[in-house]
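There are 2 protein chains.
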Amino acid sequence: MGRQSSDEPIMLSSIALLQERFKRLQRVKEMREERELLKMFPVTERIKATIIDHDHHDQDLGFPIAPSQTQKNSLLFQPESRRKDVVETPFSMNSWMAIGGDRGEGFNCVEEKWGLQCVATPEQTVYTTKVARNENLAKLQAGYLFPERARALSTLEGYSGYGAEQVEDNIHRLLMQKLRAAIASTFYKGLGIEETDVFVSDGAKCDITRLQILFGSNVTMAVQDPSYPAYVDSSVIMGQTGQFQKDVEKFGNIEYMRCNPENRFFPDLSSTAKTDIIFFCSPNNPTGATATREQLTQLVQFAKRNGSIIVYDSAYAMYISDDSPRSIFEIPGAKEVAIETSSFSKYAGFTGVRLGWTAVPKDLLYSDGFPVAKDFNRIFCTCFNGASNICQAGGLACLSPEGLSAMQDVIGFYKENTQIIVDTFNSLGFKVYGGKNAPYVWVHFPGRSSWDVFAEILEKTHVVTTPGSGFGPGGEGFIRVSAFGHRENVLEACRRFKQLYK
Amino acid sequence: MGRQSSDEPIMLSSIALLQERFKRLQRVKEMREERELLKMFPVTERIKATIIDHDHHDQDLGFPIAPSQTQKNSLLFQPESRRKDVVETPFSMNSWMAIGGDRGEGFNCVEEKWGLQCVATPEQTVYTTKVARNENLAKLQAGYLFPERARALSTLEGYSGYGAEQVEDNIHRLLMQKLRAAIASTFYKGLGIEETDVFVSDGAKCDITRLQILFGSNVTMAVQDPSYPAYVDSSVIMGQTGQFQKDVEKFGNIEYMRCNPENRFFPDLSSTAKTDIIFFCSPNNPTGATATREQLTQLVQFAKRNGSIIVYDSAYAMYISDDSPRSIFEIPGAKEVAIETSSFSKYAGFTGVRLGWTAVPKDLLYSDGFPVAKDFNRIFCTCFNGASNICQAGGLACLSPEGLSAMQDVIGFYKENTQIIVDTFNSLGFKVYGGKNAPYVWVHFPGRSSWDVFAEILEKTHVVTTPGSGFGPGGEGFIRVSAFGHRENVLEACRRFKQLYK
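Going line by line, the protein sequences match chains A and B.
Position 14, counted from 1, in the first sequence is what full-length UniProt numbering calls 14; the numbers after and before it change by one each time, with no gaps.
Position 179, counted from 1, in the second sequence is what full-length UniProt numbering calls 179; the numbers after and before it change by one each time, with no gaps.
Bound-form chain A, shown alone (with noise of 0.2 Å):
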């Protein structure tokens, strides 16, 4: 990376003019997420700085943007002897960015929704992940066909389709392009996800699977354990594991995060080994834990530090009652380093219906630079043919204000069911976990095998549980109990958990 040198004169008019514009940006959210994102970034490490897909508005700038600008998706830094701009400006993002002198030099403005980014270009260096691009994607030479074929018409002005077909396609576009939209104006508003970013599915199982296979074989994989069985079994089935060991029940070559009681649900990242692939459901399947805002910001610079890519499986987030993050793109930094996949069923009742989303940022970009969302289209223009139409216009009524509402109706609905199944389990003196932010409760029997446990209740109640140890052998000694119910079937199953452990 280059260097500017010490001598440049510095612009005060465009600090000036900065330092006007965003005090008009100063909504406590937003300082919050740039006082975090300082934090982030450590005075040496402050000349890294990446920004994907960002809408200029220079107009609002108030001074000449530098040619440079037309590198829309490239970025950064900041050279040292700027500091003292740094220092200059008491607020927002520009303090960590570069004021490039004047014309002589060139520099950018670039404004994101949510600040202020003033970038010299001309010796950028963009944060990359040190995850090698799977070879067999760069194998693949054009687009697919049809989609090449497609882009092809798009560039004819004012051409037309003629066939049923083309018309009932571009229904379909329009319609993704509303649920795109609609995904990325309600779940990640302010966060600078939007909604081409957002890949539209027939749900998170799916595209966990999709992005092993953007992954290849030749990655390594973290995952929370106990979690949602089809991290491993997908990572298994892409050959990134060894085999299974039966001493320890796990696969070999996979990082397995024990979470638990003692670590509050949150692993020790200072003894979680570097991987390439980070998986990690916040709430979590099957513990019901959330991770915290300052957890969270753990992982992603957990994550940065390693080059790591974290999948974050959201799925559950609309149960969050408290301030833990519902979205990883809260936290400062995660846009380069972090997928998030998600799913109507938890929200809408949609179990069956299979509609879900994964977001996957521009900045996010493979050691050699190449951004992973380009690969992730390809797979999904290959491999797939996006969720059902009947399904996505489904998913987009659930979005309208009177569908948000109905969602929050349900989630509402199965929260108390939840409260009800936590209050039973605490008051026959079980330590019970999860609950508070997510539809699973996690009772722990401490000492006993989690599929006797299982079959007890089962036997003695004839009531369904899951046995904890199919979430890997974190798992052992607990029960994941469903809020999912019938209101008058979680009562009479409360009545017989009280009536089998009075």
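For the record, the hints were derived by calculation from the structure and aren't laboratory data.
Where chains are identical, the list cannot tell them apart; a pair therefore holds if satisfied intra-copy or between any two copies.
Result set (DSSO-like, lysine-lysine): computed pairs, CA atoms no more than 30 Å apart in a straight line:
| no. | residue 1 | residue 2 |
| --- | --- | --- |
| 1 | K274 | K139 |
| 2 | K431 | K502 |
| 3 | K374 | K250 |
| 4 | K415 | K502 |
| 5 | K502 | K436 |
| 6 | K139 | K250 |
| 7 | K246 | K139 |
| 8 | K374 | K246 |
| 9 | K415 | K460 |
| 10 | K436 | K415 |
| 11 | K178 | K374 |
| 12 | K189 | K130 |
Chain B: place on chain A using the hints.
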């Protein structure tokens, strides 16, 4: 694989013991023990057993079991362990050990937690392909957690779930069973494909990738050239191929089976290299060519000689007007060498709805005798959650008498479109292929670049075609014209073609 001697006594007492044992196995706890025991299996190399999902319940056990019936569930066994101590073993392990048979033929009784299988085995020489089972799937231990739990539940007589999820699952399961049965009886009547061989999915394209995940990275594949691009692209993504070779416009390590007017669009198998997998689409996309019964018989024999697995794409089979086979399973012996994938998209206008299926016969075995269907089922459980139930209900409606009649009407309409297109290009002096049994017309422009012709037609007539070379180097010099359009648009397009090429 060993053989049983024919002079072993019939061990009726052991049968009685097993029957007795089976009754006692209704209890959950024992079921679970059984599961644990099965996990330990195989304890030694001397016993090899493979069990597929089956619906055997004790009442189904009418001894003796005919060999043909038992072979359906594929199985197993083990010569040395047909010892008397087997009979004396009161519980569990003996369930899958050998019992002597009558009539000089032995059979095995295999008891699992959810049922009892009796299988004749020894003298049968079971055909296996030479395709090695994907070692990554072999690594997976128990089944995927949730189906595993569901199986545990389903063994309980009279059990009924307490939660909405379970009730809904039952409804969904019933729907899916009905659809699987309807697909089997509509498309495979009398061909030996049963509802349990049918996997309902979100479309053939997605299934192609799931099949590639199934086979893994270490297989070789052959493909018609030209053909639907998803075969080659998914193979590249899974790492089965070498680099793209620009001089020949092919990927390394793929066998391109050239299909052109000279060979009447059926490859010269005598010069086709042996591969593990052969993708074959008939009626073909893009050429519209349809293989005859004789040609498909050659193909099946070729696969059998080489130990290959055919992935047969029959997505356009309902467009066949002559007596060409609608399914590869019309060819004797195909069930041992072929998988068939298909879709509602082109039959019922389900493009965008996302519904298809793949039939994997139980007779299709990897080189080690392991059933391909069992691994495919694991892929379906782990990497997928099934097609949307809304779409499945739509598919079921399509297979009702009214639905079938409506589908025939739709297909008839598009076949009229096809004829209009064929007549148009014929009248202009072009050589035209396909069309007869397919909704695609394959028009030859000798010596010209496909993309040039595509661009010429697009610019001068504003009609969208598809350049043939997008389907492989064998498609160069052709364009594909689709019949999927409104009548008035097809007529208008043909008027413009006549204008352009008169």
